[in-house]
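Mind docking chain B on chain D? Use the hints.
These protein sequence lines are chains D and B, in that order.
Take the first sequence: its position 98, counting from 1, is numbered 98 in the working numbering, and each next residue is one higher.
Add 1000 to the 1-based position in the second sequence for the working numbering, that's all there is to it.
It should be emphasised that the hints constitute simulated quantities derived from the structure, not laboratory data.
Note that this is a predicted model, so its numbers are computed, not measured.
No residue lacks a Cβ here, since even glycine has one placed at the ideal position from N, Cα and C.
One thing to keep in mind: the hints can contain errors.
[What the hints assert, rightly or not] Restricting the straight-line Cα-Cα distance to at most 20 Å, the calculated cross-link-like pairs of lysine-lysine (PhoX-like) are:
no., chain 1, residue 1, chain 2, residue 2
1, B, LYS1229, D, LYS229
2, B, LYS1226, D, LYS226
3, B, LYS1074, B, LYS1063
[To be verified] The calculated label-pair distances, taken between Cβ atoms and stated as ranges, are:
no., chain 1, residue 1, chain 2, residue 2, range
4, B, THR1364, D, PRO115, 40 to 46 Å
5, D, ASN368, B, SER1070, 51 to 57 Å
6, D, LYS226, B, GLY1296, 28 to 34 Å
7, D, LYS226, B, GLY1200, 36 to 42 Å
8, D, PRO115, B, GLU1014, 46 to 52 Å
9, D, GLY200, B, GLU1085, 55 to 61 Å
10, D, LYS226, B, ASP1079, 41 to 47 Å
11, B, ASP1251, D, GLU227, 54 to 60 Å
12, B, SER1107, D, GLN291, 39 to 45 Å
13, D, ARG29, B, SER1107, 43 to 49 Å
14, B, GLU1097, D, GLU227, 55 to 61 Å
15, D, PRO115, B, ALA1303, 42 to 48 Å
[What the hints assert, rightly or not] Partial pick of chain B residues on the chain D-facing surface, computed with a CB cut under 10 Å:
no., residue
16, GLY1117
17, ASN1207
18, ASP1210
19, ILE1211
20, LEU1236
21, GLY1406
22, GLY1424
23, GLN1425
2 protein chains.
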Amino acid sequence: MSVVETFDSEIDLEAEMEALGRRARESARVLAKASPSQKDRALYAAATSIRAHVSDILSANDKDMAFGESRDLKGSFLDRLLLTEERIEAMASGIEEIAKLTDPVGSVAAEWDRPNGLQISRVRTPLGVIGVIYESRPNVTADAGALCLKSGNAAVLRGGSESFHSSRAILNCLQEGLERAGLPEHAVQLLPTRDRTAVGIMLTMSNDIDIIVPRGGKGLIERVQKESKIPVIAHLDGNCHVFIDRGADKDMARDITFNAKMRRVGICGAAETLLVHQSVAASHLPAILDQLISAGCEIRGDAATQALDDRVIAAADADWDTEYLDKILAVRVVEDATAAVDHIAEHGSSHTEAIVTENADEATFFLNNVDSAILLHNASTQYADGGEFGMGAEIGISTNRLHARGPVGVEQLTTYKYVVRGNGQCRP
Amino acid sequence: MSVVETFDSEIDLEAEMEALGRRARESARVLAKASPSQKDRALYAAATSIRAHVSDILSANDKDMAFGESRDLKGSFLDRLLLTEERIEAMASGIEEIAKLTDPVGSVAAEWDRPNGLQISRVRTPLGVIGVIYESRPNVTADAGALCLKSGNAAVLRGGSESFHSSRAILNCLQEGLERAGLPEHAVQLLPTRDRTAVGIMLTMSNDIDIIVPRGGKGLIERVQKESKIPVIAHLDGNCHVFIDRGADKDMARDITFNAKMRRVGICGAAETLLVHQSVAASHLPAILDQLISAGCEIRGDAATQALDDRVIAAADADWDTEYLDKILAVRVVEDATAAVDHIAEHGSSHTEAIVTENADEATFFLNNVDSAILLHNASTQYADGGEFGMGAEIGISTNRLHARGPVGVEQLTTYKYVVRGNGQCRP
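Just chain D, with the same shape it has in the complex (with noise of 0.2 Å):
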């Protein structure tokens, strides 16, 4: 029996988890069961109690950026925690925006008949428990509480041990609008403590999780993945490739390679490297260089792309395996569409590519040879996002094959059951 320290009490950390993972099972066995509109009451009166409860989420807020100081954390990391009037009502709307969903739970996603009679259907049905792992940013509990709410789900949250009193704010207003639809308050929940053998507790809780969804940095998510025996819809790189090919238009390729690498650096689809068919490098190329480079953004390029600018910096190998996130661009010319391809297979982390062409054979060749959770044609790679796929909010982007692969909206939270109608039928 481990005994912890919380806030107000100590506590016996196994038995609290025990507990809390079976009121998340009873709670998400009630919440299956909800109807559309009952869930959605849940939700407007969660947005409507975060609006009622601005100044009690600014204090606890407080706290944890006092507590953030005194541990001296770098400023974007206290930027990420620092909740504002403006972020506040952002996350009421994004709750609003949520329960504006389809619900998934309940809808046919095939059905057949069959010679004998029998009618099948495939419907969707929530997953179960999802736990969510986080770090810095407060606002994830009412964005991954609201999605997993909305697909019928019960949610047992982690938030970065930084946000422990602003997360426990936007609890207390999530359970209140749970409260206010009749639905259990338990059916989101945060651990009860921030201290961090609570975490590997819970990724031990198969019987009670479902499934585990870490956001955030790779240290997080490669020891969740090591540490977990629950299925973990992981998000790992993004190193995305625009690829430029021989039938490319000169301005869309130099505008959508722009706004690739640089619309936010610091998102999962940002490009990261540059692939240039080699037909088309001396024509197309020294723009598209010169526009970046003149934004801030460091070139590192093969020889090939070195000759067409100075300022290109010679790339080494580490360069085309990594993720920047930042003002980098790694740059190759390439021979044709098929080492565009090898580049990617062997480079590339699955994530989301993009071909910048006019001619559609080109443009199949490349779709139906690179495997990727995201293929764009002449289209940029930061529309990689649940959002632009009109899926409304995401709870990540999966680099998974397994079950859901790119973004992960409310149906990627659902699982299906068969239902099979029939007037008797005995098997022979």
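Positioned in the frame of chain D, the structure of chain B alone reads:
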């Protein structure tokens, strides 16, 4: 470096397994791009090769049978191991049936347009490399290999050590088929040795194997789930229920119960517990009990059931949780449909359950409130089978909630990628 003895030579097992994994991954890349007709040519050629090598397969099987007999394996085990001309012909025609299935690869599971003009489609692609671990039946080598090939996946197979020679003879035919179609022969491989160490290594090869499918008894599956570093599609218990609700037709209730229990008692879809609404127990249950007992089925009932037939044995608590796979049925009279649903939630294994009723509302309540992979209304639980669902052959029935639930056919052996078509879109 572990050196183990195989039949012909000593090998460096770790190096062999690494090479096998690499060959599987390389073959998977080729297979993923193979056309439907090329894969089908390989399958038909494999069937032809099996028919041409009946005598080779039979003599390989003789060696396995001699080995099995020398180890005093029991009769039912030897029967599963035994191949005959008829069984070999069934294998060949089974492969041809798989060839006739619709190829899932490249099919569009969903498509939609975005207001900005992006056209999004979700396209099925192979999972990659599938590891299948099975027990004595050598025909699984043909089945599983053919299902993986049809769905564009490479297969790494590990048959029961007793069927080593038979499986290898069948593998040769599959590989001959692949070669004749111009596909890499290593798209289907068997582990190089029957040494159990090889399975342990296989379960750690998460870079080269994408998913593990164990087929066999509970011991095998639990061991695989415990040891595997690779996601597992597992099939655990089938503790299936038939519920006779108030509105059940008497004859239909009897026929479905008898079929669900007795058609084949050893399959996962066989009923293990019968629940009867109290208001029809006196009218419907006696004929059901009589037919079952007359056919040699032991009935373990609650007090209300015992009161209806003095041949009924008293059920113990453990009976409600037992998958007999035998001519034994647990029977309980319940107060109402809610009690039936609660009983199934508490004791069931979420595999397959059936309700018998003529009342649509009763059926809807049951179908909505029971959370099992397969729910049937007025049909026997013995229909829990990929073939009966029209999915063609199955590699197993999944009791997972993630990825695939219920029968796992060729479609469930795929993942998907998003293909997004634009005309120059850059994200604002």
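Quick rundown of the hints versus the structure:
Using a Cα cut-off of 20 Å, the hinted pair LYS1229 of chain B and LYS229 of chain D holds, with the two alpha carbons roughly 10 Å apart. Only pairs whose Cα atoms come within 20 Å are accepted, and LYS1226 of chain B paired with LYS226 of chain D is accepted, the gap being roughly 14 Å. Among the hinted pairs, LYS1074 of chain B with LYS1063 of chain B is consistent with the structure: their alpha-carbon atoms are about 17 Å apart, no more than 20 Å. Taking the beta carbon of each, THR1364 of chain B and PRO115 of chain D are about 25 Å apart, not inside 40 to 46 Å as hinted.
Between ASN368 of chain D and SER1070 of chain B the C-beta distance comes to about 52 Å, which sits within the given range of 51 to 57 Å. Between LYS226 of chain D and GLY1296 of chain B the Cβ separation comes to about 52 Å, which falls outside the hinted range of 28 to 34 Å. The beta-carbon spacing between LYS226 of chain D and GLY1200 of chain B, approximately 18 Å, falls outside the hinted interval of 36 to 42 Å. Against the hinted window of 46 to 52 Å, the Cβ-Cβ separation of PRO115 of chain D and GLU1014 of chain B comes to about 51 Å, which satisfies the hint.
About 57 Å separates the C-beta atoms of GLY200 of chain D and GLU1085 of chain B, a value consistent with the hinted range of 55 to 61 Å. The given range of 41 to 47 Å is respected by LYS226 of chain D and ASP1079 of chain B, whose C-beta atoms sit roughly 43 Å from each other. Distance hint check for ASP1251 of chain B and GLU227 of chain D: the Cβ-Cβ separation is about 55 Å, which falls inside the suggested range of 54 to 60 Å. Roughly 40 Å separates the CB atoms of SER1107 of chain B and GLN291 of chain D, a value that falls within the hinted 39 to 45 Å.
Taking the beta carbon of each, ARG29 of chain D and SER1107 of chain B are about 35 Å apart, not inside 43 to 49 Å as hinted. The hint said 55 to 61 Å for the Cβ distance between GLU1097 of chain B and GLU227 of chain D, and at roughly 43 Å that hint is violated. Taken as a hint, the range 42 to 48 Å holds for the pair PRO115 of chain D and ALA1303 of chain B, whose Cβ atoms sit roughly 43 Å apart. Annotation: interface hint on GLY1117 of chain B holds; nearest CB of chain D at approximately 9 Å, less than 10 Å.
Violation of the interface hint for ASN1207 of chain B is found here, the shortest Cβ-Cβ separation to chain D being roughly 12 Å, above the 10 Å cut-off. At its closest, the beta carbon of ASP1210 of chain B sits 6 Å from a beta carbon of chain D; the interface hint therefore holds under the 10 Å criterion. For ILE1211 of chain B, the interface hint holds, the least distance from its beta-carbon to any beta-carbon of chain D being 6 Å, beneath 10 Å. A cut of 10 Å between beta carbons decides the hint on LEU1236 of chain B: the least distance to chain D is about 13 Å, and the hint is violated.
For GLY1406 of chain B, the interface hint holds, the least distance from its beta-carbon to any beta-carbon of chain D being 5 Å, beneath 10 Å. Residue-level restraint check for GLY1424 of chain B holds (minimum Cβ-Cβ distance to chain D is 4 Å; threshold 10 Å). A cut of 10 Å between beta carbons decides the hint on GLN1425 of chain B: the least distance to chain D is about 4 Å, and the hint holds.
The earlier numbered hints that this structure contradicts are 4, 6, 7, 13, 14, 17, 20.
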